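Chains as they are written, first to last, in numbering that gives the first Met the number 0: chain A, 0 to 467; chain B, 0 to 317.
It is possible that some hints are incorrect.
[As the list claims (entries may be wrong)] Ranges of calculated distance between the beta carbons of each label pair, as one might list FRET restraints:
| id | chain 1 | residue 1 | chain 2 | residue 2 | range |
| --- | --- | --- | --- | --- | --- |
| 1 | A | 55 | B | 12 | 36 to 46 Å |
| 2 | A | 316 | B | 69 | 54 to 64 Å |
| 3 | A | 22 | B | 134 | 32 to 42 Å |
| 4 | A | 327 | B | 17 | 48 to 58 Å |
| 5 | B | 27 | A | 327 | 48 to 58 Å |
| 6 | B | 17 | A | 146 | 52 to 62 Å |
Everything labelled a hint here was simulated from the structure, so no lab data went into it. Source: prediction; values computed, not measured. Where is the CB? At the ideal position from N, CA and C, for every residue including glycine.
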Amino acid sequence: MSPVSIAVEALSVFAGTKQLLGPITFNLAAGRALVIMGETGAGKSLLAQAILGTLPAGLHASGLIHLNGQRIDQLSPEERSSFWGRDVSILPQEPWLALDPLMQASRQVNEAHHLVAGLGSRAASVATRNDFTTLDLNGAERRLPGALSGGMAQRVAFAAATAADAPVLIADEPTKGLDAERSTKIIHLLAKKPDQGGTLLAITHEASVARRLGGDIMVLKSGKLVESGHTEKVLKNPAADYTQQLLDAEPQAWPKQPATPCGDILLSAENLCIWRGKKCLLEDFSLKLHANERIAISGPSGVGKTSLLDVLAGIRAPRQGQVKRMRSVAATGIQKLYQDPPAAFPGKVLLGKSLRDVARLHGVDWAVVTEYLSHLGIHPSLLERRPDSVSGGELQRISIARALTANPLVLLADEPTSRLDPITQRETLAMIADIATERGIAIVLVTHDLVIADRWADSHYQLQNTGA
Amino acid sequence: MIRSSGLWSALAGRASQAVLVAVVVGVVSFSMMQALPGDSAYRIAAGRYGYDMMDAASADVVRTELGLDKPTSVQLANWLGSLARLDLGKSAVTGNAVADELKVQLGHSLLLAGAGILVSLIIAVPIGIAAGLRPGGALDRITLGASIVLRAVPAFALGVLLMLALAVHIKLLPVAGFQSPKHLILPALTLGLGLAAVSSRVVRDAVSEAMAADWQLFSRTKGLSSGQTLRRHVLRNATLPVIAYIGVQLAYVIEGVVIVESVFAWPGIGHALVHAIFGRDVAMVQGTALALGLTYVVLNLIIDLCCHGIDPRRRSIT
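Take the sequences, apply the hints, and build the full model.
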């Protein structure tokens, strides 16, 4: 029997008297993996924060927590922080934001080897160099986090977090916003932990991630345990409806959207070339977009998907080739949806005011806007809030309503659901498709998920790296 | 890859700014001197010979000698012409070359400004860091109150208060003048307290913002102690906005130098400017105003270079 790494008994998290999570009980032995699965808002991250002692101000936890045989829940914050990095490694949810923006990537790993693992400066440099080689990060040593891709930042954070080789690894949404190839890489790294006798606690909303990590699973909904057991068994034969919903929301399980009859040509692009600086991203790209048509564009990160949308929108001029907008389409007849909804709204302005401004600008009756909102399932009371006080899924649906207010004929959607959990993602994309069919709008969807592109769109363009 | 073109374009930008400042400051100070009531020839003559020793005849001599009877446009054109030859002219009162007077005074003023900024940093940085580590705590609220009071008191009033307290009452320091290093303390403290009132809040905001950043928590959870995180990550990130703010504050330093020097009879450029205005010494007014304006440009350039040095994002692209 291997020793127990994390033991949690009746762990609950409260905001004041309101219970947000729990009670949760589990024993996790060395050499095992436990996956916590649930949609956004299910309290998954609170569980990790309660174990670590990093709950945000205003929240408190109750229940017993044992780490490597030692009871830790009643220790002071300073004592609990002494376990970080040494007894338990924590992989951050937003690796880009977790790295110091002013420090070179390799130094952030090096300081963990030197100060946390206690290596001498020469040994720390060697260990850092090894990490960069193993994690396929060669050439990124001297880059600042702002110049790293999301996948690279994830691996740098992984190296820094695990430098002292703590026996327990906690990973919160390790695949968030990564494309298929990069999530496979990071899952592979995580899965090594239990294989080498360590312990892995992973938090995810994706059933595919849980399936690949194996071990045991706990499914949470609104902070309550829905079901638990062997990951493979639970995902094959879920006992709870909610687990089944999560599985249905996986793109692989989506029904193929019925093809729609196309209307007139609205927009055409001929022989486009797109460059970023001195690098040619895309050559000879042509496309004809008809009313009512759904087109998906996929490709690895950095291939120029977003730049292509900007060119189609007329925001950016192509280096070569041309984009023709038919006479029936006004300049504001092309609207964009953005990947990161909070970044697409002014942070300190109430949502209702943002929408009313757009309605006034385009001379649209407010009643029409409220109809869009109710169609999208947005309660009017949400408009009294600021963008940071609604969920990502709600905000993205409000941004769809905002785009529709401008009466678009073409909607360019840049990864509109990559930051949403699967159930919300499925609902949102289905909604966009419904509205488009209803109003004869043409949509270009940029996505990194090939399955979504295949299931959702009428036609699918796969962009490749030109390698230039 | 090091990008130096950004640096060069910044330098070129500041250089063209300097030319613009020279022309604008010259024209504006000239027109303001023209707009002052009274006959400047009389005032200059009084400055040269004393009020009791001058009369209409000596005023007329001054007028012809300095060309004050010529049309204003000609006087302005003459000044700009000699400025283009890097000649600042002669003081109407003392007859010495303006450039020579400025050389001495500018050194004194820079000493005072530097000491003032140093004092402000010695006060603002520790207080700001301590307040920023516990936003909303007792120290944060007390220092907020103190900084509002200090910023609300004008520099001349603060100077007089400090003079009364430290020089007159407990006779710790000399009241005013410029004989020993001790004379520097009161004016530098007056200037520094006014600067620290705001910059301590800027340090506090920068530190509390850095402490709330995701990378601060990640530095802790990867195993660094709170002290190591503060030294290695928080302080450097917090320094950037503070340095940039010191650049903004320079306007207050220049303004403060003029007032503080007058209060403490510090023989710097601000003191000279005020005297030149009283004496209608147009050449000195233009010279000192020009020197203050150019100092502002040069100090801003130094701030640019500091930010360039601290923030690696400005240097590297990949």
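Hints, one by one, checked against the model:
no. : hint                        : verdict
1   : A/55 with B/12: 36 to 46 Å  : holds (44 Å)
2   : A/316 with B/69: 54 to 64 Å : holds (57 Å)
3   : A/22 with B/134: 32 to 42 Å : holds (34 Å)
4   : A/327 with B/17: 48 to 58 Å : holds (55 Å)
5   : B/27 with A/327: 48 to 58 Å : holds (57 Å)
6   : B/17 with A/146: 52 to 62 Å : violated (34 Å)
Checked against the numbered hints listed earlier, the structure breaks hint 6 alone; every other hint is satisfied.
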